[in-house]
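Chemist: Taken in sequence, the protein lines are chains D and H. If you want our numbering, it's the 1-based position in the first sequence plus 1236. If you want our numbering, it's the 1-based position in the second sequence plus 6.
By construction, these hints were calculated from the structure, which means they are not laboratory data. Glycine residues also receive a C-beta, built at the ideal position from the N, C-alpha and C atoms. Be aware that a few hints might be false.
Unchecked claim - Label-pair ranges, simulated between beta-carbon atoms:
#1 H:R78 x D:K1248: 47 to 57 Å
#2 H:R278 x D:D1384: 18 to 28 Å
#3 D:T1353 x H:E722: 43 to 53 Å
#4 D:K1242 x H:E715: 47 to 57 Å
#5 D:E1355 x H:N181: 28 to 38 Å
#6 D:N1276 x H:T642: 26 to 36 Å
#7 D:E1321 x H:Q611: 48 to 58 Å
#8 D:E1355 x H:K767: 25 to 35 Å
#9 H:T617 x D:E1266: 50 to 60 Å
What the hints assert, rightly or not - For lysine-lysine, the following DSS-like pairs were computed, each having C-alpha atoms within a straight-line distance of at most 25 Å:
#10 H:K312 x D:K1358
#11 H:K710 x D:K1350
#12 H:K312 x H:K394
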Amino acid sequence: MKIKVKVNGYHKTFDVNPDEYLLDTLRANEYLSVKKGCDNSSCGVCTVLFDGKPVPSCSLLSMKADGHEITTVEGIQKDAERLSEYFGEEGADQCGYCNPSMALTVFALKKEIKDPTDEQIKDYLVGNLCRCTGYQSQHIAIKKYLGDDQL
Amino acid sequence: MKVVNHELPSIDGKGLMMGRPAYTDDLAERNSLIVKVLRSPHPYAKIIKIDCTKARALEGVELVLTYEDFERRPFTRAGQGYPEPSPHDKFVLDQFVRYVGDEAAVVAAIDAKIADEALTLIDIEYEVLEPILDFEKAFENPIVIHPEPEIHDMFPIGFEPLKNVAASYHMEVGNVAKSLSDCEVVLEHSFYTQAQAHAMMEPHTVNARIDYQNRLMLYTSTQTPFHVRRIISQVLDYPLSKIRVIKPRVGGGFGGKQAIHGEILVSAVTLRTGKPSKMVFTRKEVFESSYSRHPMRLDIKLGADKDGTLKAIDCFVLSDTGAYGEHALTVFMVAGSKVLPLYNKVDSVRFHGNVVYTNHTPAGAYRGYGAIQGNFALESAIDMLCEKLQMDPIEFRQKNMILEGETSPIFAIMGEGTEGTAMFMESCKLDYCVTRGLELLDWKHKYPRKPLDNNKVKGVGMAIAMQGSGIPYIDMAAATIKLNDDGFYNLLIGATDIGQGSDTILAQIAAEALGTTLDKVIVYSSDSDLTPFDTGAYASSTTYVSGNAVLKAAKDMRKMIVEEGAKALGVDVSEIEYDGIVIKTKDTEMTLKQLSNRLYYNEDQKQLTSTNSYVGTKSPPPFMAGFVEVDVDTLTGEVEIVEYVSVVDCGTTINPMLARGQVEGGIVQGIGMAVYEEVLYNKKGTLITNDFLNYKIPTRLEVKKLTTEFAVSYEEAGPFGAKSVGEIGIDTPPAALANAIYNAVGVRITSLPITPEKILKGLNEKRGQENGK
Chain D
1237 MKIKVKVNGY
1247 HKTFDVNPDE
1257 YLLDTLRANE
1267 YLSVKKGCDN
1277 SSCGVCTVLF
1287 DGKPVPSCSL
1297 LSMKADGHEI
1307 TTVEGIQKDA
1317 ERLSEYFGEE
1327 GADQCGYCNP
1337 SMALTVFALK
1347 KEIKDPTDEQ
1357 IKDYLVGNLC
1367 RCTGYQSQHI
1377 AIKKYLGDDQ
1387 L
Chain H
7 MKVVNHELPS
17 IDGKGLMMGR
27 PAYTDDLAER
37 NSLIVKVLRS
47 PHPYAKIIKI
57 DCTKARALEG
67 VELVLTYEDF
77 ERRPFTRAGQ
87 GYPEPSPHDK
97 FVLDQFVRYV
107 GDEAAVVAAI
117 DAKIADEALT
127 LIDIEYEVLE
137 PILDFEKAFE
147 NPIVIHPEPE
157 IHDMFPIGFE
167 PLKNVAASYH
177 MEVGNVAKSL
187 SDCEVVLEHS
197 FYTQAQAHAM
207 MEPHTVNARI
217 DYQNRLMLYT
227 STQTPFHVRR
237 IISQVLDYPL
247 SKIRVIKPRV
257 GGGFGGKQAI
267 HGEILVSAVT
277 LRTGKPSKMV
287 FTRKEVFESS
297 YSRHPMRLDI
307 KLGADKDGTL
317 KAIDCFVLSD
327 TGAYGEHALT
337 VFMVAGSKVL
347 PLYNKVDSVR
357 FHGNVVYTNH
367 TPAGAYRGYG
377 AIQGNFALES
387 AIDMLCEKLQ
397 MDPIEFRQKN
407 MILEGETSPI
417 FAIMGEGTEG
427 TAMFMESCKL
437 DYCVTRGLEL
447 LDWKHKYPRK
457 PLDNNKVKGV
467 GMAIAMQGSG
477 IPYIDMAAAT
487 IKLNDDGFYN
497 LLIGATDIGQ
507 GSDTILAQIA
517 AEALGTTLDK
527 VIVYSSDSDL
537 TPFDTGAYAS
547 STTYVSGNAV
557 LKAAKDMRKM
567 IVEEGAKALG
577 VDVSEIEYDG
587 IVIKTKDTEM
597 TLKQLSNRLY
607 YNEDQKQLTS
617 TNSYVGTKSP
627 PPFMAGFVEV
637 DVDTLTGEVE
647 IVEYVSVVDC
657 GTTINPMLAR
667 GQVEGGIVQG
677 IGMAVYEEVL
687 YNKKGTLITN
697 DFLNYKIPTR
707 LEVKKLTTEF
717 AVSYEEAGPF
727 GAKSVGEIGI
737 DTPPAALANA
747 IYNAVGVRIT
757 SLPITPEKIL
767 KGLNEKRGQE
777 NGK
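Extracted from the complex, chain D is given alone in its bound form:
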């Protein structure tokens, strides 16, 4: 079946199976920043923005995306680049596998909550697991990024 979606601002038509998940559709169509991690929406590395809200694409049937707007990190390159500079300054990137999904979630957080507290940041990002960093350096980087008045 065919679905029509707007991906990163462009209208696209994808041919999908009824039991296909959005993660697989996006990767098959070269949106390779979307990663596979756990298969049951418990690790966060497959996060995309679905009409602006972060959702795990591994558990969203592609046909459910018909008519909706999807953003991957390919669609927020400048924001991701800026966030990566904060990560770099804190030594907060290690394997990097969870980082595109982190950029999307932080992007959504920035739009949704103004001046979030530490607890709000942690709560918002709790679904984005990281096994490398121990989280503290990421948290400092994200906080500094969100506090940057230039953004």
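Model the placement of chain H on the given structure of chain D, informed by the hints.
Modeler: Just chain H now, with coordinates in the frame of chain D:
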């Protein structure tokens, strides 16, 4: 120093955050066959019938493989140097399956859906055998997990498969029995550690193709690309010269990707079909069918005099290697060799035991590699002994622990599977680490406990630890540096960045030695055709071993530049002053940029390339002291980790920020093992904690405050004074937390993980005893 010991951002963080294709599956051929595995539902069974006719007939299925399709050639997937210290006890596919999740058959199809359907069409019948699911019942059990006659060890490792023993070991310094009988105070206790899962974010992933030169080419998410190439060649009897293994960006390893997982299967599929193929493990497969940490029982006896002099350590260890013996002996030995030297002043020490087979998911390498298990037991036992002695545990450690300039006989006796290498501690700031940690946590105002409101009690605890820096005389690394026109370099290294930042820190070492900036050193690592050899990212070897290779190659390059500069300027080498940018004599000068353009385009044309390599002659240990503050809820048994203080001696930190990342990441993984990560099997032997909903790794909510500092330390043998830092962070949390919880509420948990249920049970027993009085 201008580059080394500076907090520079990693060279690849930006591109990865921006989502540029870099990981194994990003680089798979788009039309790859999908490889899937039919996995055993039984912990132990013999395949008595396997009929693939229907599966093979399904349209879109290209290949179905069973044990009948492979030559019977035992090997080990361990991914270690050759000959391996692990038994060759695995076949690509076998008629026996030895754990739930073991491979029974392999399907390759044009898409995932067809592959899944094909798996259901394989007609397989098992003779279900009685398994061994309790590792304490495995030794000499009448059930034998590996009765096959072809399996063997590569050199003596105590391999006795008919007794279910994958490896065994015994060593004794002095006379432990006599020492213990002479001691005024003896402490005896057993400790249990569980099978922690690596839970790296990127699942095991591999793909293969036949390239335009008709060679087999793999991208694989591995820590050991050169071992992968060798093992594929040996197992499939395919020429090494026709295999290229590329490790692209890896999404975390922690030891779990040291071993071979899907590589042989996709190679077999691609060689037989001529078509590209790929395999991406499901998360369930990562948990169930890759590796975990070796669970252990450690029986400890400590003997001391009343003045607090530790006299004897006796340690018997029973380790569970699961269905296959990968890393069986070496992980077991590290539980002694990288723990016992912490207390080097004892009269006698014994370390012995067995590594047994069970019908569980196999165990393998995992960050800490035995040291975390040994550390939990010994550092818990030390606190228990101190209580018996009525002695302050800090004072006891300061009196008995290893100091700079000292040695331990264990270094010479215990290596990794072989004899060790004697060494003195040229750099050991453990005493500073302890003192500084006490200050940072404000220990004296918090030890041992402080009652809080709401039924909570605050407690503090600590542990000391050591690790190693590579395996002496075995781990070899090489580096090639190529000067390019315009005066920048390529650094080609076999070393394997798995996310720990080795590409960045090795480029920093090169840039420092070359006198240039980090942006002028372009790194390519881990391509078996294009980069020089390196044993891989394991045993905390990269900074020290690969770093030394890079340093040697950079010094060679610098010398070549000076020679060519002297030639260009028409003077003797002795007249040259060179700072990495400008080549100067008394009255003339030339920039490196001018020289390199001259070399490649104008006069005396030649390519400047240097290659050098390094093999360690010792393994200088990094040390650390870990301190933790916890609030324990006496009504629920819940533990909140308020702060974790780490003071680490890893010599010079090549990049202090990335070193801190290694320590903090290790601490949180160690905290996970200590208090959250419970491994559960059902009665049938099926792993039930096989996804992130059931197997709980720490989230960002659990991490409150990590304080990490580095001691000023310099290791003569290390590159710019560096030792390793990749593993040391994980070692202290289990013991430090057990000690802190005991100090808070008086409940001693000796079996990991320390769950609220165990604490509450202990509290209730204690209350019962108190009421009984």
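Chemist: Please name the hints from earlier in the document that this structure breaks, with their numbers sorted from lowest to highest.
Modeler: Checked against the structure, the hints that fail are numbers 2, 5, 7, 9 and 10, while the rest are satisfied.
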